[in-house]
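A.B. asks: One-letter residues, chain by chain:
There are 2 protein chains.
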Amino acid sequence: MYRTHHCGELKIENVNENITLSGWVQKIRKLGGMTFIDLRDRYGITQLVFDLEKNTKLAEAATKLGREFVIKAEGKVVERSSKNPDMQTGDIEIIVEKLEIIKASETPPFTIEDESDGGEELRMKYRYLDIRRNPVRNALILRHKVSKAVRDYLDSKEFIEAETPYLIKSTPEGARDFVVPSRLSPGSFYALPQSPQVFKQLFMVGGLDRYYQIVKCFRDEDFRADRQPEFTQIDCEMSFVTQDDVIKMFSEMAKYIFKTIKGIEFEGDFPIMSYEEAINTYGSDKPDLRFGMKIHQLNSVTQNRGFKVFDDAEYVGGICVEGASNYSRKQLDKLIDFVKKPQIGAKGLIYAKYNEDGTFKSSVDKFYSQEDLKEWAKVFDAKPGDLLLVISGEKSNSLNALNELRLEMGDRLGLRKKDNFVPLWVVDFPLLEWDEDSKRFHAMHHPFTSPKAEDLELMDTAPGKVRANAYDFVVNGVEVGGGSIRIYDNELQHKMFDLLGFTPEESEAQFGFLMEAFKYGAPPHGGAAFGLDRWVALLNGSDSIRDVIAFPKNNTGRDIMIDAPAPIDNAQLNDLNLKISPTT
Amino acid sequence: MYRTHHCGELKIENVNENITLSGWVQKIRKLGGMTFIDLRDRYGITQLVFDLEKNTKLAEAATKLGREFVIKAEGKVVERSSKNPDMQTGDIEIIVEKLEIIKASETPPFTIEDESDGGEELRMKYRYLDIRRNPVRNALILRHKVSKAVRDYLDSKEFIEAETPYLIKSTPEGARDFVVPSRLSPGSFYALPQSPQVFKQLFMVGGLDRYYQIVKCFRDEDFRADRQPEFTQIDCEMSFVTQDDVIKMFSEMAKYIFKTIKGIEFEGDFPIMSYEEAINTYGSDKPDLRFGMKIHQLNSVTQNRGFKVFDDAEYVGGICVEGASNYSRKQLDKLIDFVKKPQIGAKGLIYAKYNEDGTFKSSVDKFYSQEDLKEWAKVFDAKPGDLLLVISGEKSNSLNALNELRLEMGDRLGLRKKDNFVPLWVVDFPLLEWDEDSKRFHAMHHPFTSPKAEDLELMDTAPGKVRANAYDFVVNGVEVGGGSIRIYDNELQHKMFDLLGFTPEESEAQFGFLMEAFKYGAPPHGGAAFGLDRWVALLNGSDSIRDVIAFPKNNTGRDIMIDAPAPIDNAQLNDLNLKISPTT
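Those protein sequences? They're chains A and B, same order as listed. For this note's numbering, count along the first sequence from 1 and bump the result up by 371. For this note's numbering, count along the second sequence from 1 and bump the result up by 371.
These aren't lab readings, by the way, just hints derived from the structure by calculation. Any given hint could be a false lead.
To be verified - Below, simulated BS3-like cross-link-like pairs (lysine-lysine); rule was C-alpha separation at most 30 Å, straight line:
1) A/K516 to B/K630
2) B/K519 to A/K619
3) B/K626 to A/K516
4) B/K401 to A/K626
5) B/K435 to A/K866
6) A/K528 to B/K435
7) B/K474 to A/K823
8) A/K474 to B/K619
9) B/K401 to A/K890
10) A/K679 to A/K626
11) A/K950 to B/K950
12) A/K496 to B/K866
13) A/K528 to A/K496
Claimed, not checked - Computed footprint of chain A on chain B; a stretch qualifies when at least three of its residues, placed anywhere within it, have a C-beta under 8 Å from a C-beta of chain A:
14) 470-481
15) 509-519
16) 560-567
17) 905-912
All residues carry an ideal CB built from backbone N, CA and C; glycine is no exception.
The task is simple: from the sequences and hints, build the whole structure.
C.D. replies: In structure tokens, the structure reads:
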């Protein structure tokens, strides 16, 4: 037997018991004739004591142990003379009577401590050692608890967890599929699902009524920051529901998660904001509501005063940064540099300081009088001491830059605290978005999202104006999930594919089985999917989902621990009837 | 709002309430001026009533509905005059006041009833309609409940559910990998995991202590009966454990499942049987213990009596079928045909009837006296009225044939009842098995299974005799799961790869990261994996795992509903730097 207890378990009640522990040597300290070892496992740390005088041989053996050795120690629990109240087992220690080295350890490539000396690349290569560190292990335990909470909640609401296939069919629509060559059907491929969307809809056609699954999804994208080729989705679907029903169900789920995991209780409903309002007020469809600093449009108070930059602009708008009128020239220059970065793309930044004395100082004083600037301030309801930051240009670009600037100012002012969670639902998304490159509409959510009944006739006349029964769940500027009420009529689904530029043959070939299914009594249905990785990162206070994934891939999609992807044998390629083309 | 209640919910307490139901039309019956509709959803059936006299228009509308129409009905709950105690809602019916057709249905390709008129192929093509049938839907609900029970049990034992990657590296060992070409690393491939084996071991190295995951695994095999290219595993691993600890933990899990799902309580420990005993006594490493009919070796009582067939045989053995001495010539001929089938492969079958009058009649009376046959009977402890069936030949082939014959006789005698569950553990498997084709050893479980300490030195002298710390969990002749105590020493792991014919370079290239991991304080660990599909099939009384998979693939690995696998675009192939070779 390797242990009678684990290392986080022994308390004052266990004093005088003979016990056995196994674990890793975290630390060895010598104090005169005494040697203390911190023995670690997943559950905690227990102090082992060796007395040179009382048991010379054992105490000498103890000093020869090294960090991360796996040992087994038998001994007696005694009360500590100087207790450590910060430690679960801080009331006791173990007088070791028998010691066994189960497995020695070479010196690890980085220290197994909360603040490790290992860089990210090194820690990823030795991820199994990284997992021994509290922050990483605790993130995995948190992930387990979130999954458990989700399952318990959904189970209590009569959702059935049902598995959908991983080897499905490739669809030309949307982001890229990973494909899997079939050996038994040479020249044919399976695809890995980007989501179980179609299958969960078929579950509804099949009368399963409420479905969920915590499931891996796959997307072969060019890697952007914080994307992984495989990610985990909490995937849900319900029959006989309206948008309100779905929002209610998953608001409750979110509350259950916050309560169970963080002990936070939310009163009342989460705010619901239209897409239009979110874009106009926050420059983003995933607004961070932990702070105000709303965007206001300024066209009416800035144009036709002779300042050509504003006069020529489709849009002039800005934010008001409370108490920042004392920003220095240098600080303002940095902000100008910030908005001009290519990924933000503003042409420039105009500022107007509302000084404490009630006067204004702006970078466009040549064109705008104190009276004019007072008008600006009025739009924001600004107070003396505030700083107005204004951007102009093409509307959506400007709003996008203002969103980035707002988030940056929120960070600078410490308004984005990680333990403050402010959720909302964003609704009334456009059904379609126009893609200039391909000169056609794309589905903003996906092709199965239903248009709002009141906008149905616009599908023929002004498809770009049709709003969808779609909703996103946003927390602290992060889109944690989203969903929609689906199309459940084959005619409407055909029309949707038509608008997306599918020929009838293409839509039939790709999704014929779904439209066929709709002919046999499809119920109205809708659902949502949540990013488990994002949920956990949010609750863990992590900036990257990589922190909450056991074995993540790096920015180029590589697993550097196991060194994948990798070439395969020619024999295997032959079996699959494949050849590698020479790279061009 | 589509419904205030679901169709399995309304009871006598709800009488006089105004309610709304939505669901599918299961059945329409006309009785004089009354029309009755059975409205169905996942939860049950509720009877809707339309009275031609009281509401002519509505009653006429009702008669125009068809099977599988989705409707919404508002009305009042009333007590039934003739109650149906077999129905959850059999005390009440609904006097419908408002009716809406949500979605009409074409006539389904088969009847949505417990006994459908649709063949398997048709039901698979329209699996979403098949799921509407009670037997299929109930199997999926059972699957959900089993998963939930497993998670609840493991969570209560401090197992952490942690996700392992799906995009990993291909290994030449074992069954075939499905591979996934990488677009970002042209010419390189990921592989889909055949199991998360190596990752769960790394979790143990990482100190996670207790891990589990219900996870999809993939195996590109030539399809055999009841194999799926993707299947679901309950994958578990524990640190600081011996074989006994693991067997105890998962015996408890099995008991929890039987109790929760079937209400069956098991007293005491499950039997533990050595591999050797299982093979010699049942001809199988997964014996069905629902019945006895053990195999006995008969060499000593059959050889050297002048019957050349037995004299030349390495092995003579048989079974005793209780009360079957009255089998007719025709019945016996059928058994002979059975054992001669190529998949069973016996050369023939000798019988000896132990007649009720105490005499014997055998097919080898020429060679064996009544006294001789009495000796045979003694080996089996046979009684008058029994039938002895004897097979001879090469030992393992004969045992295999006797296993098949035993199971066949068990079926014929009704000894294999589906609701009788008899579990056991089979232990002490050989570590290696010799493969005549490749003239080398293969790992019987997998290359990470540890040899028994007491057999360690045989690894150099007689590797074929080394027993492994491996165990299988068997119920009713089905291998539901299995596992082993793993190697956690890099030297021993190297030696194992060596025995399996890997060069040091090959083992380093494939599993270098694992052996590297073992250098940094790996704990002793072991675990088990259970086939969720098999568990559920067993509990569901299904012969095929296909019955308990929502969207299964057929025998050739095709999903005939979505028509996958399928060819992909040339553009996609080019992106992946791949070409299809002409089939040769």
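A.B. asks: Each of the hints needs a verdict: does it hold here or not?
C.D. replies: We went through each hint and held it up to the structure:
no.: 1; hint: A/K516 to B/K630; in the structure: 25 Å, holds
no.: 2; hint: B/K519 to A/K619; in the structure: 24 Å, holds
no.: 3; hint: B/K626 to A/K516; in the structure: 25 Å, holds
no.: 4; hint: B/K401 to A/K626; in the structure: 49 Å, violated
no.: 5; hint: B/K435 to A/K866; in the structure: 28 Å, holds
no.: 6; hint: A/K528 to B/K435; in the structure: 35 Å, violated
no.: 7; hint: B/K474 to A/K823; in the structure: 18 Å, holds
no.: 8; hint: A/K474 to B/K619; in the structure: 25 Å, holds
no.: 9; hint: B/K401 to A/K890; in the structure: 26 Å, holds
no.: 10; hint: A/K679 to A/K626; in the structure: 50 Å, violated
no.: 11; hint: A/K950 to B/K950; in the structure: 5 Å, holds
no.: 12; hint: A/K496 to B/K866; in the structure: 24 Å, holds
no.: 13; hint: A/K528 to A/K496; in the structure: 42 Å, violated
no.: 14; hint: 470-481; in the structure: holds (count 6)
no.: 15; hint: 509-519; in the structure: holds (count 6)
no.: 16; hint: 560-567; in the structure: holds (count 4)
no.: 17; hint: 905-912; in the structure: violated (count 0)
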